[in-house]
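Q: Below, each chain spelled out in residue letters.
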Amino acid sequence: MAKVNKFVSCDPDLCTGCTVCEYACSLEKDGVFNPIRSRIRAVRVYPSGNLAIACRMCEDAPCVIACPRDALQQSEKDGHIIVDEDKCNGCGWCVEACDFGAITVGPNRIAIVCDLCDDEPECIEVCPVEALSLQSRETAARKSRINSTVSRILAAEASEVDK
Amino acid sequence: MDSLKGYANNILYINLRTGKTKTEPLGEEMARKFLGGAGFGIKMITDYQRPTTDAFDSENPIVFSCGTFCGMMVPGSASKWGVAAKSPQSQGLGESYSTGFFGAELRRAGYDIVMVTGKAERPSYLYLEDDSVQILDASHLWGKHNWDTEDAIKSDLGDPGVRVASIGPAGENLVRFSAIINDRLRAAGRTGMGAVMGSKNLKAVAVRGFNDVEVADIDGFKELALEIYEKSRGPATEKYRGLGTAANVLTLNKQAAIPTRNWQDAVFEKADKISGEALNEMYVEKIQGCDSCGMRCEHVGVVREGPFKGAIGRVEYEPTYAFGSCTGVDRPDAIIRAVQLSDLYGTDALSTGVVVAFAMEAYEKGIITKKDTGGIELEFGNAEGMCDMIKKIALREDIGDLLAEGVERAAAKLGKGSEKFAMHIKGVEMTGYDVRGLKTCALGYAVSRRGADHQRHGAYGPDLKGTVDRFKAEKGRGELVMDGEDLYSVIDSLIICKFSRGIWDYDSYAKMYTLATGIPMTAEEMRRCGERISNLAKIYNLREGIGREKDTLPIRCMTDPIKSGIAKGSLVTQEELDLLLDDYYETRGWSKEGIPSETKLKELGLENYTEHLKGLRGTDTKKKTTKKD
Ligand code: SF4
Ligand code: SF4
Ligand code: SF4
Numbered sequence: 000m001a002k003v004n005k006f007v008s009c010d011p012d013l014c015t016g017c018t019v020c021e022y023a024c025s026l027e028k029d030g031v032f033n034p035i036r037s038r039i040r041a042v043r044v045y046p047s048g049n050l051a052i053a054c055r056m057c058e059d060a061p062c063v064i065a066c067p068r069d070a071l072q073q074s075e076k077d078g079h080i081i082v083d084e085d086k087c088n089g090c091g092w093c094v095e096a097c098d099f100g101a102i103t104v105g106p107n108r109i110a111i112v113c114d115l116c117d118d119e120p121e122c123i124e125v126c127p128v129e130a131l132s133l134q135s136r137e138t139a140a141r142k143s144r145i146n147s148t149v150s151r152i153l154a155a156e157a158s159e160v161d162k
Numbered sequence: 000m001d002s003l004k005g006y007a008n009n010i011l012y013i014n015l016r017t018g019k020t021k022t023e024p025l026g027e028e029m030a031r032k033f034l035g036g037a038g039f040g041i042k043m044i045t046d047y048q049r050p051t052t053d054a055f056d057s058e059n060p061i062v063f064s065c066g067t068f069c070g071m072m073v074p075g076s077a078s079k080w081g082v083a084a085k086s087p088q089s090q091g092l093g094e095s096y097s098t099g100f101f102g103a104e105l106r107r108a109g110y111d112i113v114m115v116t117g118k119a120e121r122p123s124y125l126y127l128e129d130d131s132v133q134i135l136d137a138s139h140l141w142g143k144h145n146w147d148t149e150d151a152i153k154s155d156l157g158d159p160g161v162r163v164a165s166i167g168p169a170g171e172n173l174v175r176f177s178a179i180i181n182d183r184l185r186a187a188g189r190t191g192m193g194a195v196m197g198s199k200n201l202k203a204v205a206v207r208g209f210n211d212v213e214v215a216d217i218d219g220f221k222e223l224a225l226e227i228y229e230k231s232r233g234p235a236t237e238k239y240r241g242l243g244t245a246a247n248v249l250t251l252n253k254q255a256a257i258p259t260r261n262w263q264d265a266v267f268e269k270a271d272k273i274s275g276e277a278l279n280e281m282y283v284e285k286i287q288g289c290d291s292c293g294m295r296c297e298h299v300g301v302v303r304e305g306p307f308k309g310a311i312g313r314v315e316y317e318p319t320y321a322f323g324s325c326t327g328v329d330r331p332d333a334i335i336r337a338v339q340l341s342d343l344y345g346t347d348a349l350s351t352g353v354v355v356a357f358a359m360e361a362y363e364k365g366i367i368t369k370k371d372t373g374g375i376e377l378e379f380g381n382a383e384g385m386c387d388m389i390k391k392i393a394l395r396e397d398i399g400d401l402l403a404e405g406v407e408r409a410a411a412k413l414g415k416g417s418e419k420f421a422m423h424i425k426g427v428e429m430t431g432y433d434v435r436g437l438k439t440c441a442l443g444y445a446v447s448r449r450g451a452d453h454q455r456h457g458a459y460g461p462d463l464k465g466t467v468d469r470f471k472a473e474k475g476r477g478e479l480v481m482d483g484e485d486l487y488s489v490i491d492s493l494i495i496c497k498f499s500r501g502i503w504d505y506d507s508y509a510k511m512y513t514l515a516t517g518i519p520m521t522a523e524e525m526r527r528c529g530e531r532i533s534n535l536a537k538i539y540n541l542r543e544g545i546g547r548e549k550d551t552l553p554i555r556c557m558t559d560p561i562k563s564g565i566a567k568g569s570l571v572t573q574e575e576l577d578l579l580l581d582d583y584y585e586t587r588g589w590s591k592e593g594i595p596s597e598t599k600l601k602e603l604g605l606e607n608y609t610e611h612l613k614g615l616r617g618t619d620t621k622k623k624t625t626k627k628d
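Protein chains in written order, with numbering that gives the first Met the number 0: chain A, 0 to 162; chain B, 0 to 628.
Quick caveat, the hints were computed from the structure, so don't treat them as lab data. Be aware that one or more of the hints could be misleading.
Unchecked claim - No more than 30 Å apart at the CA atoms, straight line, and that leaves these computed lysine-lysine pairs for DSBU-like:
no.: 1; chain 1: B; residue 1: K4; chain 2: A; residue 2: K28
no.: 2; chain 1: B; residue 1: K601; chain 2: B; residue 2: K510
no.: 3; chain 1: B; residue 1: K230; chain 2: A; residue 2: K28
no.: 4; chain 1: B; residue 1: K601; chain 2: B; residue 2: K230
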């Protein structure tokens, strides 16, 4: 049976761009506050677009493929990217390979990326508006299907009323 | 000083004239006695500014400071920063606070305080990136509005992560009520701090920081922070997540406390049209938050059609009063546009609205004419005229040049009785609570250290909640105002979002402070800090020549009663004001002239400042307020 990876996904409608998830992640991982140590990063596109981004646990992860030193490996269990700190020299090829900016080189010059916090994601726990959740691509797609169907039905009903 | 956590423990001094910079440790005593934000700003200008320097004197220092919890996971606090300098409006204490994302970046860059003196030879901006401090050329930015300036600096430096606090054309043109804008929608608005930057040829402060922010007790800190996050999602902050402060429009209208048409009345018959309800439903596209905030209050309004199509601005009560009821404008889309213009050109939205309303009344009374306004028919309610005037003020075109001086100075020049409807205290335009029918609040406004302001004391609370009889001036109100001021001095020093004040108390402030910094602090010591900061602010103002005679209300509030609604007939007489002032000064332990006693100074550890008050003491009998009728 195919394995379905789950990842920390953010609902842009709910996300307020508060970066609490960043603070919590860096505290959890390194015991200090610093966004450059966070595995999840919030983005604001003015005036009001907000989204927090963490690793998507890609199939055939491009970051793994890009690493010239074989420092990255993908977990069999949940698909998270395992960084071999002895091999990683912070060259940043993985950063360029990731389309989401989900992997970065931290202040210790070693790649950092979401490891799902041993199944207890700290960021999901703290997000004040519950914008974060563990999703698989299958659940994400299912939600989209339902939402788009609902809005289509509503639009059809509305045009009936207009007639 | 390794034990000092939380703080960066670093003050940066920059002289724009010589280009010299130096740093100095903050030190535990400064931290413990003055906390951050307001405390730091007021202390620095008192210590480093030569007495009675003019606000636009090149050596007048301007001080940027972090709130105590900048860069930490504390609800509504991580990004708060303050700015202090002599105010070009009052020539007394200027202070202003903003949020967004700038403050956290400043702390991560490794600073608690940045003090700038001197005037640069040509337009310049500061770029602080960790240890590197650069004064860069801003000639290509001069004349640009704030949003373009922010974008241009980010692209010049090649880093979208840079945070920018800048001034627009208004600040460059020394409009006395100019703001400093950061993160597009956030303003350090009041008391003209943008103009002080302009007078120094300082277009912007850009920061980028990569340092860790450490706290003393990680586990304890996390526990308390999460507890407060939990509360910040509860009922105490519900208002700010829902309609936001704009909910006040209908509440205050019902109470006859929403100043209308330049305070000619306190009920706005078209309040429905500009209510929080209307704004939220029709214009607010997103409610988002500042750095580390768990509440979210930033109601981003977008206008999709009509003459103001494309306007983007934050929806809040105060600008809705200033650009709505105060100018008699009943169009929410125009209000959003006016807020945006204030952000772009860099004026304090509050003062701007009141200045335009003043001009409208002067226009209707024939004191200024269409020739002065450059062809604008400036009647109350003219939405487009209002927006056009904002630009004219920022660019100092036509009558805008005079209005850029603020209502006090404009009225002094125009004469013809216009002083009677210049709505200001200490040269700073009135905010949106009609104090004629809110007598505790009236006292708070009169003594407010930065001029007309509800944010130094929150004294509208007891009046509107019905804790006291709002129409009565009586003993005891002094204590209410004092408690509010001291609390707000703490809030503005830790810089915790005022919208979250309902979920904190002195105990939790003290506890969070200790967990973050490692400095032991009790609730009582924290309250003392508030009192100390309030007193130092008073000392600064007294030294700069702002005494009892300036602790007063606009003439209109003392002569023209409210015309309609449940507060009909209310005003504050000189007699009432004197009673309130006497009570307040006495409660504070100050003399009749409002001068802190030596005992008080000793009690607060401010004895070093006694010399600032020399020559002021003992003049009590000479300077009795004269009764006007
Ligand atoms: S904590 Fe939640 S709301 Fe805040 S930035 Fe992260 S995902 Fe968005
Ligand atoms: S780091 Fe980026 S490329 Fe690598 S698995 Fe995560 S999302 Fe995919
Ligand atoms: S799950 Fe853990 S590691 Fe991943 S982003 Fe969230 S807090 Fe960071």
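Q: Against which earlier hints does the structure fall short, listed by number upward?
A: 4
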